[in-house]
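Chain residues, written in single-letter form:
2 protein chains.
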Amino acid sequence: MSKLRALLPALANKTYFNYGGQGPLPTPSLEAIVDTWRRLQELGPFTEAVWPMLGGLSSGLRARLARWCGVSADRIAFTENVSAGCVLPLWGLPWQAGEEILIGDAEHPGVVAACHELARREQLSLATLPVRDLPGDQSQADAAALAALERALTPRTRLVVLSHLLWNSGRLLPIEAVAQRLAAHPRQPWLLVDAAQSLGSVPVAAAAAAADIYAFTGHKWCCGPEGLGAVVLSPRLLAEGRPTLIGWRSLRNENAAADSFHNDGRRFEVATSCTPLLAGLESSLALLEAEGSDQARLERIQKRSNALWQGLRDLPNARPLLPSAPAAGLVSFKLHRPDGGAIDPAAVVRTLGAQGIWLRSLPDPACLRACTHLTTTEEEVVRLLQALAELGK
Amino acid sequence: MSKLRALLPALANKTYFNYGGQGPLPTPSLEAIVDTWRRLQELGPFTEAVWPMLGGLSSGLRARLARWCGVSADRIAFTENVSAGCVLPLWGLPWQAGEEILIGDAEHPGVVAACHELARREQLSLATLPVRDLPGDQSQADAAALAALERALTPRTRLVVLSHLLWNSGRLLPIEAVAQRLAAHPRQPWLLVDAAQSLGSVPVAAAAAAADIYAFTGHKWCCGPEGLGAVVLSPRLLAEGRPTLIGWRSLRNENAAADSFHNDGRRFEVATSCTPLLAGLESSLALLEAEGSDQARLERIQKRSNALWQGLRDLPNARPLLPSAPAAGLVSFKLHRPDGGAIDPAAVVRTLGAQGIWLRSLPDPACLRACTHLTTTEEEVVRLLQALAELGK
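These protein sequence lines are chains V and X, in that order.
Counting from 14, one number per residue, gives the positions in the first sequence under my numbering.
Counting from 14, one number per residue, gives the positions in the second sequence under my numbering.
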């Protein structure tokens, strides 16, 4: 069993499969947050004695995230959540009326709504890239995604929006290959990647370094506190993008308002945020690192997700969405009655919740989603499969 | 002595005058945050069992802030900080090229830089409203501010940006009278009020209800945790303003991206934030309420700030910026040498900090700022005055 598991009080009283919604917070990470708050009160809260501690927290976490993402620390901006990381830089790009945004058809409604609003304002058009039902195994799916991209690109395409790991189906998309293709396009479209489900579950360095905007949160697969994420920005975005929300953290000289924005990722940071959370995420990332390399961790995640996926295939009343074993820890599936009739996913969530087994329903496609992480045990997978089998009787 | 003071570990080892930078966090508020995190792990973090608790925290704090601000709860949007509260709604307003933004000359560089960037994008012009050196007592200053406004308004004025309580001089501005004047202007300019220094120090209900955007933070005079603030939005802003940063919290139906934004303040909320902070701010506001009405609390704040202001006037080497007693707890002043030469404010901050007395320097005008709150004792004011007198020798 994972050493990490013993540090997670959330897992003590439930069978938990909602890592993709929110990861459990390890006790040492909560303690790190509280210790930081106490130290902040002891030294500060607003004194010259406290700045070195806060500066060290910030630069330490920025450097660690940069290592995870395979980029230099100046490309990282801290954000409150994934949506802010996706959208803040978007509003600052130099748009021209008539340009086109190409959005994957499995993106989160938040980023889709933001793109609709951006398109309305800047008189852009929107097109959809079908990636929700890619066929076959990973290499077949990658080829199909790239072929779909080829068909969808137009001379007006200026932005492509995709997730690294689709939140609904669990499919991994070939972000580096997409970035390469876009680099060869005459307009060199920007590549925005929603990495909500990838950091902490799959190795991200190649994709994060290839995208223009690679936005993630600490509170899902990284098991950090809610309210803290970051975004990796490409050098060309940092050069061409203007800050949007603007506050003292965006400014190189806090005392001079006239265009003295930071040239690095901080130009997209805004103002005061909850600094103790930095210590919590730092602690959680360190605990994950102690469990092994990102590849080793992924293999453990896959071991459980693949067992769950296989078990679902073997159930007479279930059908996984993915036609091949999941690339990471997201396993989505549909349930049906013995007579073939549909089962309401929300009702299943409530029924299993009453048994202390927590997964979630998704609206589009209507399905259930169970996530396995490092901390998921073989017994938990068996328990879920048994509970699902019972529903089919 | 204030009951609150005994609950503030930050005040145990220092003489603190930086409430306008960040307020100390009461121990019960930190405990409320930690208890919420523990309960969140016990029930969740992502389960149907945890939503009622989180929903209750959010609606409870929204209702409390609405009472403080004299508005209905649907006019409140939670934000991460004051800058986000100021700027998020601004980007969503329907601008027309050639319109003018009128900004007070004592605004924080963050909001000034945001207005510059907005003006660049939307081809607006910028003008300055001089309020930094208003003369006389409060009623003379109010009259002078309104006269300055009268001179500065043009037919193109579409937005006025002012603070309720100026962060540098401590002057209180007549926000309701400004709002009344703007309502009579043919273009009915929007009124954005930076309330960073007012909520928790002065009664805000009349001003908050009169402005279109009244943005504040919980971590200064309210003594809540850093990383949580809110903004009060006017009904017309909610009707005419479009959301900008957009995430699941902006959407009425989280599962449908196509223009289903909330009609209330939530249309300017974004996505996941640190929910336990809500419990911390709720606790701190309740502790302030227990100290007396907002008017009674202000009188206690003024008692100390006025004693400090008078003491500074009596020092041979100091000169307060305000020509009359401060309206709230901000007391800014200049120091000079016996020979009349200037003293570097940053050096004074370091020297006094080494004695455990913390105030801050400000760049424009170059001065020192000491804040008194409910928790400031008579002895602390005396200690500061003595230390400043020593510097003049």
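Keep in mind that the hints were calculated from the coordinates and are not lab data.
Any given hint might turn out to be false.
[As the list claims (entries may be wrong)] Quick list of the computed label-pair ranges, beta carbon to beta carbon:
(1) X:Arg169 x V:Arg265: 51 to 59 Å
(2) X:Ala269 x V:Arg200: 24 to 32 Å
(3) V:Glu304 x X:Arg134: 44 to 52 Å
(4) X:Ser306 x V:Leu139: 34 to 42 Å
(5) V:Gln109 x X:Gln109: 30 to 38 Å
(6) V:Glu55 x X:Gly149: 37 to 45 Å
(7) X:Ser374 x V:Ala140: 49 to 57 Å
(8) V:Thr390 x X:Ala269: 35 to 43 Å
For glycine and all other residues, C-beta sits at the position ideal for the given N, C-alpha and C.
Status of the hints after comparison with the structure:
At about 31 Å, the CB distance of X:Arg169 to V:Arg265 disagrees with the hint of 51 to 59 Å. Separation of X:Ala269 from V:Arg200 is about 30 Å and conforms to the stated range, judged on CB atoms against 24 to 32 Å. Evaluation of the 44 to 52 Å hint for V:Glu304 and X:Arg134 yields a pass: the beta carbon distance comes to about 46 Å. Range check, X:Ser306 to V:Leu139: Cβ separation about 53 Å, and the 34 to 42 Å hint is violated.
Remark: the range hint 30 to 38 Å for V:Gln109 to X:Gln109 is contradicted by a beta-carbon distance near 20 Å. Checked against the given bound of 37 to 45 Å, the beta carbons of V:Glu55 and X:Gly149, roughly 42 Å apart, stay inside it. For the hinted restraint 49 to 57 Å between X:Ser374 and V:Ala140, the CB-CB distance of approximately 54 Å keeps it satisfied. The beta-carbon spacing between V:Thr390 and X:Ala269, approximately 37 Å, falls within the hinted interval of 35 to 43 Å.
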